[in-house]
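Enquirer: Read off the chains here:
There are 2 protein chains.
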Amino acid sequence: MEKILITGHKIPDTDSICSAISYTELKHAQGVENAVACRLGKVSRETQYALDHFGAETPLFLDNVNPDADGTKKKVILVDHNERFQTPDGIENAKILEVIDHHKFNLITDEPLKIVADTVGCTSTIVYRLYKQAGITPSKRAAGLMMSAIISDTLLFKSPTCTPEDVEAVKELSKLAGEENYEEYGMKLLIEGTTLSDKTPDEIITMDMKEFDMNGKTVAIAQVNTVDTKGTLSMQADLEKAMNDRINAKGYDLFVLIITDIVKAGSYVLATGKSPELVEKGFKVTLENNTAWLEGVVSRKKQVVPFMLEASK
Amino acid sequence: MEKILITGHKIPDTDSICSAISYTELKHAQGVENAVACRLGKVSRETQYALDHFGAETPLFLDNVNPDADGTKKKVILVDHNERFQTPDGIENAKILEVIDHHKFNLITDEPLKIVADTVGCTSTIVYRLYKQAGITPSKRAAGLMMSAIISDTLLFKSPTCTPEDVEAVKELSKLAGEENYEEYGMKLLIEGTTLSDKTPDEIITMDMKEFDMNGKTVAIAQVNTVDTKGTLSMQADLEKAMNDRINAKGYDLFVLIITDIVKAGSYVLATGKSPELVEKGFKVTLENNTAWLEGVVSRKKQVVPFMLEASK
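Chain order of the listed sequences is D and Z. Per full-length UniProt numbering, the very first residue in the first sequence carries number 1; after that it's consecutive. Per full-length UniProt numbering, the very first residue in the second sequence carries number 1; after that it's consecutive.
Do not take every clue at face value.
Copies of the same chain look alike in the list, so a pair counts if it works inside one copy or between any two.
Stated by the list, open to error - As a list, the in silico BS3-like pairs of lysine-lysine whose alpha-carbon atoms are at most 27 Å apart:
(1) Lys281 / Lys3
(2) Lys132 / Lys73
(3) Lys73 / Lys301
(4) Lys264 / Lys95
(5) Lys158 / Lys250
(6) Lys250 / Lys274
Hints are computed from structural coordinates only; laboratory data are not their basis.
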């Protein structure tokens, strides 16, 4: 039977993986048996912690969504992203059935499709809403995964992207998942996600990296959440080398690394490349030794991308 | 108080006007008192029939959504469209809060937003779904307008874009509107919309015209629904003159007029301009005297645009 591939973005974070699995379970419960949860890259340590904790399997790795040998287009549902840069290779020759997302949009399709997007902190919050609208109770596993995704995306409600619906969803899901002390679980999950000690510089800058087209400039923006920004900055020379290697390989105009202190709720920005003015103009800061402290900035989507986009006009 | 402008597309059809009014009423019922129903052009004869029948006022005419004198961005909700060509002038400097739509997508935003899109026959079907999800019963007036929009967009369920949800919505809305004989009302509405006798050629080709970017070619596609295709085709020379005048004024590569016979459920296509191959390749027909009969084609969105887009690649 022809499959429906449900996938999050490249370099998947916990939301991309957990929303793909949970939405696939919802589809199955609605009788869409050919839905398959997929991923476009390696599962992070944080995500693996959540998968292990709630007994979920790693989604199917998807290399591309090119048509079958007989020309049949793949059917795809995109969760937690919609932009071409972040979708599977070959998407231009696939049929996008649905998009479930909470990011800014850059989507061009040839045909009508189903989209559920909203300005909430996490795609899994929307997936949980869809469960409720369908009158279907998520499994313990799906509830735990959706809860994990929301905690991850909102940094346990500290991110400015967090909405009352995200908080309420975690409270309800924690009961369904049998994990009522969600704060304790959430801190463990976030700490697991922020351990950088076992990572190479190239791994650090690509753990959660996304590419953006900013009015003709190609900008890579990576983000790491940590409780030890000083330890991370002590690797600055090695990080910059890894960033410049990526710039040379991919032709980026700018590589930005956002090192977010989840306790202080602010970020160091580290920028290399030929367009640092997008950072300086965007945040009204002066980079010293390629870095600056951005007070209160913790959300790439809400507090980084829009300001750099504006600066690029 | 700052307004939230809710508007359908340029050259508004019944769905654009009725969805704007009905969704504004829903917002009011949800406590969003600053929502204002708007329109971007003249109300059609068909739409006026529905407005009069259900005692609704014509929405506010909107010339543009440029920022206020102090630079404050206008807040806009787009219904029944999402593409730049079809939105109010100045949209690039406005804040799009939401999109409610059932068309293909070509949407680029700087920030996340709420989107509810689906592959149903009419935007008002989605608006009615949102009423139900919110647990709010539409007013008699809003119910009548949403019912009218669905009948108009689906040609009383004859269009291939029509889904079971559209049919069910009309049945439920007809009761709420006190218009249980929706078939009789619907035929009156469609006949009102298809009277071309009082129209000039330029009015006929712009009644329901949309512009599309097809891989670098700018194509205008107009559609008229009629019960008298022969009478319309007897004006061919005058229609072609009006189409060529528009081509010269706007620089279109192609102007296509779809003359849909709502009884026979097919369309004559009339095409002028320098790229007629988009029609010939798209529908696998040979134009004779600039026209061809397209058996079974009644939906611009589903049966015209995708095939011409494919032919333009």
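Enquirer: Please go over all the hints and tell whether each is borne out by the structure.
Expert: Hint check results:
In this assembly of identical chains, Lys281 and Lys3 lie within 27 Å of each other by CA distance neither inside one copy nor across copies; the values are 46 Å within and 31 Å between. For the identical chains of this complex, Lys132 and Lys73 are neighbours neither inside a copy (31 Å) nor across copies (35 Å), given an alpha-carbon limit of 27 Å. Taking CA atoms no more than 27 Å apart as the test, Lys73 paired with Lys301 passes between copies only; the shortest distance there is 20 Å, against 31 Å inside one copy. In this homomeric assembly, Lys264 and Lys95 never come within 27 Å of each other (Cα to Cα): the closest approach is 43 Å inside a single copy and 31 Å across copies.
For the homomeric pair Lys158 and Lys250, neither the shortest alpha-carbon distance inside one copy (34 Å) nor that between copies (51 Å) is at most 27 Å. Taking the shortest alpha-carbon separations for Lys250 and Lys274, only the intra-copy value of 13 Å comes in at or below 27 Å, while the best inter-copy value is 40 Å.
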